[in-house]
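Going down the list, the sequences are from chains A and B.
Under the working numbering, read the first sequence as residues 1 to 448, first letter to last.
Under the working numbering, read the second sequence as residues 1 to 286, first letter to last.
I should point out that these hints are in silico values taken from the structure, not numbers from a laboratory.
Be aware that one or more of the hints could be misleading.
To be verified - Simulated crosslink set (DSS-like; lysine-lysine; CA at most 27 Å straight-line): (1) K25/B with K95/B; (2) K201/B with K86/A; (3) K7/A with K47/A; (4) K398/A with K369/A; (5) K201/B with K443/A; (6) K146/B with K398/A; (7) K448/A with K146/B; (8) K85/A with K70/B; (9) K369/A with K443/A; (10) K369/A with K146/B.
Read off the chains here:
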Amino acid sequence: MLNLARKDSFANGIHPPEMKDETSHLAIRRFPFAPLLIVPLSQHLGKPASSVVRAGQEVSRGQVIAEADGFMSVAMHAPASGIVKKIALAPGIGGNMIESVYIEPHPASSQEVEGGEACDVESATADEIIAAIQSAGIVGLGGAAFPTHVKLKPPEGKTLDTLIINGVECEPYLTTDHRVMLEQTADIFNGIRYLLKATGAGESIIAIEANKSDAAKKLQDECPADLPVSIRVCPVKYPQGAEKMVIQSLLHREIPSGGLPADVGAICVNVATTAEIGRLLPRGHGIQERVITIGGPGIKRKGNYRIPIGTTVRFALDEAGAAKDIARVFLGGPMMGPSVSNLDIPITKGTSGITAFTQAQIDEATGHKHIYPCIHCARCVEACPLFLNPSQLGILAKNEEYDRMVGEFHLMDCFECGACSYVCPSHIPLVQYFRLSKKMVRKLSAAK
Amino acid sequence: MSIAVLTLAALSFLFASLLVLAHRKLHVDEDPRIDAAHQMLPGTNCGACGFPGCLGLAEAMVDGSALPGKCTVMNDDERDDVAVFLGVDAGAEEKVVARLACAGGTNVARNRARYEGLDSCRAATLVAGGGKACFWGCLGLGDCEKVCDLDAIYLNEHDLPIVIEDACTACGDCVDACPKDLFSLHPVSHHLWVACKNLEKGDAVLADCEVACDACGKCAVDAPGGVITMIDNLPVVDYTRNHDVRNAIERCPTGAIVWFEKDSGPVAGRAAPRFHRQGSRPGSPT
């Protein structure tokens, strides 16, 4: 009875238009190989991988082209059979230049994937699974691109009791996780077996938002009886897909300020990441492609595509039929996705989608709206899922009072979901202020 | 009544005599020249001399650990006045100024995207590096102009910061403010200057900016032995050698390496193209 009163959700948050109907019914299709693939050596948080190929070398699809450099790093695999044109700087998502491997795929190749050493879930130990996940190059495919093997190992003195498989996908326009849950159901359960063994967690929960009830039903129907898995459907709310929020919604545990999910005995892995673990590890393959949603009103052939890593955004937009006058392109969804300044950047492991808008649509949605002063209406305070005070933080950011932002107002806990900027009637670019402030805080503390 | 008056009178006499005693015993002789020299300094407290404000420099000058030449804000006459007053040598501290390693104004450099957001280079850098096609180039939103207390930097008509060398005291605020690390401090005698930080080479660079260094290496060949070396597709001037070699700039095809003259500002070589465009570079953003 108590459970009925307690909703599987978190406090605050917002309800932006979901915009998922356009692509959620479209099955995942394979994307063609671009004439040139650019594989950055740094697609994840942490240390860049170190390249093990040289210019002019032939590579086959799935071959390791860069090895992990230390624990906070993962391997890279060739996205196509072809020839390494050069290893040089290429523009990255952040507008920075990243050392990358340029691969020209052979047009006539059968593009067979080269297999490596398979990792069997029954016979492998936890450490072997963690090592296999690292050498398969698996990172968080939800967007953060945090190396998955790093968080599987709980810190000293902490135990993990619950594994949360995050299929919430609260970001508007994106439907990749939805399609993966429908089409790779068996892979997901297989991946859960690996993850449970690696982490030592006793039970797992798959979290799904109510707008994906067909996926929840399919998972429920096909769930193996011997697996300690429950499927929980949460009410739709943004940003439920964030790690901190989904743990709050399902377990009603609050991660302490500056802490990790391991502090409350939980670990949260994206559902697409889980599916890739379940698909790749038994075959000994590495990640060389991923599922993305190409959508938004500026796209003619919207859909969910399995796309080779290293495809440029320009090629992806051309193939998906972008409108001539697209003016803004986000990698990921429009709430948290970074907008790109260069269409020649490659799609990486952390790219969950491409969302394109034309100028008219951008003008209609945001216009060239003037930034007005804060009127202290506290709508941002009601929106912030972490109970921060974005209004006060915004004022402090404007005055460059970084010490107070960190010490009194917990700036560093903000994960930039954008709920405050979304509701602000004065159009104050709060998240941009916070990103800038965080950057300045890191710069100042590095100088000390 | 009379007891209270007497007690208060006695107390005030006691405290007054304590004050007199303290004044006599604890008196510190401060050199009056410190105050006078402090008055003669410009009072901007810019910190360019390396001392905490003008008073710090005045104290150092009086005790002989610094010369008036440390102050880069005063002109020669003012410096001589201080030197004469203190009876010391003026000191030949060379004037140091901030130099910008980019020449890509809107007339020559291409924008790839239109940036909308906070009016600050630092904020723009965090949004996919800003809209400029060249990743290394100046974004032209004027963080340096805003941070300069001495009004020594202004944005020209092509949104490129210009340093007024006479006003610049080399305090280093613009060096800290620039998110692309384009400013550095140099003595004015460093005439030879590479106004580009683009690490790529060839025609790809020139498609983004017409005054970028395309790493042809002519300057390194023309300069006598080892003054200029090409490192990471950019010429690097070795200022520890004799770098007074103007012929190094003459064959530069883009004018990325320039010659700074005191009054005329940067001069490009004869082979560099001349730009007369006033508006932004043709070609729409992509």
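Each hint, compared with the structure:
The hinted pair formed by K25/B and K95/B fails the criterion: a straight-line CA distance of about 45 Å is larger than 27 Å. Only pairs whose Cα atoms come within 27 Å are accepted, and K201/B paired with K86/A is accepted, the gap being roughly 14 Å. Taking the CA atoms of K7/A and K47/A, the gap is near 40 Å; set against the 27 Å cutoff, the hint is violated. The suggested pairing of K398/A with K369/A holds, with an alpha-carbon distance near 19 Å, which does not exceed 27 Å.
For the suggested pair K201/B and K443/A, the alpha carbons sit about 30 Å apart, so the restraint of at most 27 Å is broken. Our distance criterion of 27 Å between C-alpha atoms is met by K146/B and K398/A, whose separation comes to about 14 Å. Distance restraint check for K448/A and K146/B: the Cα-Cα separation of roughly 24 Å lies within the 27 Å cut-off, and the hinted pair is therefore satisfied. Between K85/A and K70/B, the direct Cα distance comes to roughly 54 Å. Violation of the 27 Å bound is thereby established for this hinted pair.
The suggested pairing of K369/A with K443/A is violated, with an alpha-carbon distance near 31 Å, which exceeds 27 Å. Among the hinted pairs, K369/A with K146/B is consistent with the structure: their alpha-carbon atoms are about 24 Å apart, no more than 27 Å.
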